[in-house]
Amino acid sequence: KFNWTDEKWQPQPLASGLIYELHTGTFSSDGTFEGVAVKLDYLKSIGVTHIELMPVNGFSGVRGWGYDGVNIYAPHEAYGGPEGLKKLVDSAHEKGIAVLLDVVYNHLGPEGNYLGFFGPYFSKKYASPWGDAVNFDGPFSDEVRAFFLDNARMWLEDYHMDGLRIDAVHAIFDQSALHFLEELVRTVRQVEMETGKHRFIIAESDLNDPRVVSATEVGGYGFDAQWSDDFHHALHALLTGEREGYYGDFGGVAQVAKALERNFVYEGNYSSFRKRRHGRSAKDLPPSCFLGYIQTHDQVGNRARGERLGHVCGRELQKVAAACVFLLPFVPMIFQGEEWGSGSPFLYFTDHSDEQLGKTVSEGRRNEFAVFGWNPEEIPDPQDETTFLRSRLDWPLKDTAEGKEMLEWYKSLSRFRNERPCLRDGCRENMRVEFNEKDLWLVMQKNAVLMACNFGKKRISIPSGAWAGNMELRLGSRPGILLTKEALTLPPECAAVLERI
1 KFNWTDEKWQ PQPLASGLIY ELHTGTFSSD GTFEGVAVKL DYLKSIGVTH
51 IELMPVNGFS GVRGWGYDGV NIYAPHEAYG GPEGLKKLVD SAHEKGIAVL
101 LDVVYNHLGP EGNYLGFFGP YFSKKYASPW GDAVNFDGPF SDEVRAFFLD
151 NARMWLEDYH MDGLRIDAVH AIFDQSALHF LEELVRTVRQ VEMETGKHRF
201 IIAESDLNDP RVVSATEVGG YGFDAQWSDD FHHALHALLT GEREGYYGDF
251 GGVAQVAKAL ERNFVYEGNY SSFRKRRHGR SAKDLPPSCF LGYIQTHDQV
301 GNRARGERLG HVCGRELQKV AAACVFLLPF VPMIFQGEEW GSGSPFLYFT
351 DHSDEQLGKT VSEGRRNEFA VFGWNPEEIP DPQDETTFLR SRLDWPLKDT
401 AEGKEMLEWY KSLSRFRNER PCLRDGCREN MRVEFNEKDL WLVMQKNAVL
451 MACNFGKKRI SIPSGAWAGN MELRLGSRPG ILLTKEALTL PPECAAVLER
501 I
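For reference, each letter of the sequence shown is one residue, going 1 to 501 in this note's numbering.
Please keep in mind that the hints were generated in silico from the structure rather than gathered at the bench.
Careful, some of the hints might be misleading.
[To be verified] Ranges between beta-carbon positions, derived for each pair: (1) Y246 x K485: 40 to 46 Å; (2) R243 x R276: 15 to 21 Å; (3) D399 x G219: 48 to 54 Å; (4) N375 x R186: 46 to 52 Å; (5) D41 x D284: 37 to 43 Å; (6) T386 x K275: 37 to 43 Å; (7) E192 x Y114: 47 to 53 Å; (8) K411 x T386: 42 to 48 Å; (9) E402 x R280: 40 to 46 Å; (10) E402 x A215: 44 to 50 Å; (11) D142 x N302: 34 to 40 Å; (12) G252 x W4: 21 to 27 Å; (13) K275 x Q12: 39 to 45 Å; (14) K411 x K438: 31 to 37 Å.
[As the list claims (entries may be wrong)] With a straight-line Cα cutoff of 27 Å, these simulated DSSO-like cross-link-like pairs (lysine-lysine) come out: (15) K95 x K8; (16) K124 x K359; (17) K411 x K44; (18) K438 x K283; (19) K8 x K197; (20) K87 x K8; (21) K39 x K1.
As the structure is a prediction and not an experimental result, all values here were calculated from the model.
For glycine and all other residues, C-beta sits at the position ideal for the given N, C-alpha and C.
Let the hints inform the model, and build the full structure from the sequences given.
This is the structure:
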């Protein structure tokens, strides 16, 4: 029996936290839970309050993202197994860091998946992008639901997880009167009551449906928060100029401003990407119900070459993006290595032992990006171990001049946020947003704090009407910021943080 030492532990609320998403296999050189544990002091030094582990359930082979898990009750042995995971969680709690776990309840992986032989766990009624959908509402589905609900309970009770991130809830199909997602939230709340420890449940959803994070009393599912793809897509498209795929729905400063003020950019308006109206208004929900980020495993790893944001738009614009993530009203989340401008790509990698399956995955990856004009020969092979090794974090870069500069910017933003309760209260009270589409600037003011961003490539002056009051410059992403009574002048690709005196 594991000797836990976290009896008095309570996690920090999400609204005032900083989440750090990481992949256990690539975060450290040895790719284990212990490799994560030895970096906890470092993570604490940059203000991280919650780490979010990508799936650690058992999956085919040694290398993988974890989303094609098949042994959902077993921590991946190559990472350190059950004992290693418990040690990591206990150590994190000792350091004051909560642990959130990414779990996948919408499908199981293609190799080693024998669950269907034991009962009607899967359904042909719905189409899933990754294989058979889970049977949450068909004949004998009560036992299927219990299997997954008990899994959630296991992670919270046996491994002391502080919360769960539920992958792609839009691919969890259920027409029951009591939706599986609501029952899942009930299970988390029951564990919370039984243990006396706060627990969190976070959704990944592309539905733009406020029900996901609305209270059950008003017909919602009751999740604490969800990932905010609209905010990410709006900011990414603005910074990079990319318009392929879903980025075609974004690109203007106005859409970033709308996300800040109303949570969703698409709230029933027409989406050219989907060729239909999309979403529903969530303007009455607090911003603490949404995670804000500019890099994640998806948004980096689903690119053909796995490039980081700084390699797409440049390091100066990455600094501007970081200011938006830390100082705008959402719960900030960063992705491993982002804070020093990591040069390591995060590629899609697999380790299937079935030769034909591995070949199919590799060819499918090449064909997927060939549609977008990529040379198939330039697409890294997911099955090649080199693809995995290239994705390991380049920790030595952190200690170079450019790595230190980026890291200090992230630390400064984190400290500034932590020292201003108004930036961590999870609401929009006393917040206002102004922007100029032509000159590519945006200003957000919350109480005495003002953040101004120049997303463009020319020097600009923002008139004093956008930032009335006596202000002092607290932080700047690059030299050359000029503050007078008449205007705030920003160099190209720059963020400035002011405070009323």
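* Could you check the structure against the hints above and give me the numbers of any it violates, in ascending order? => 7, 8, 12
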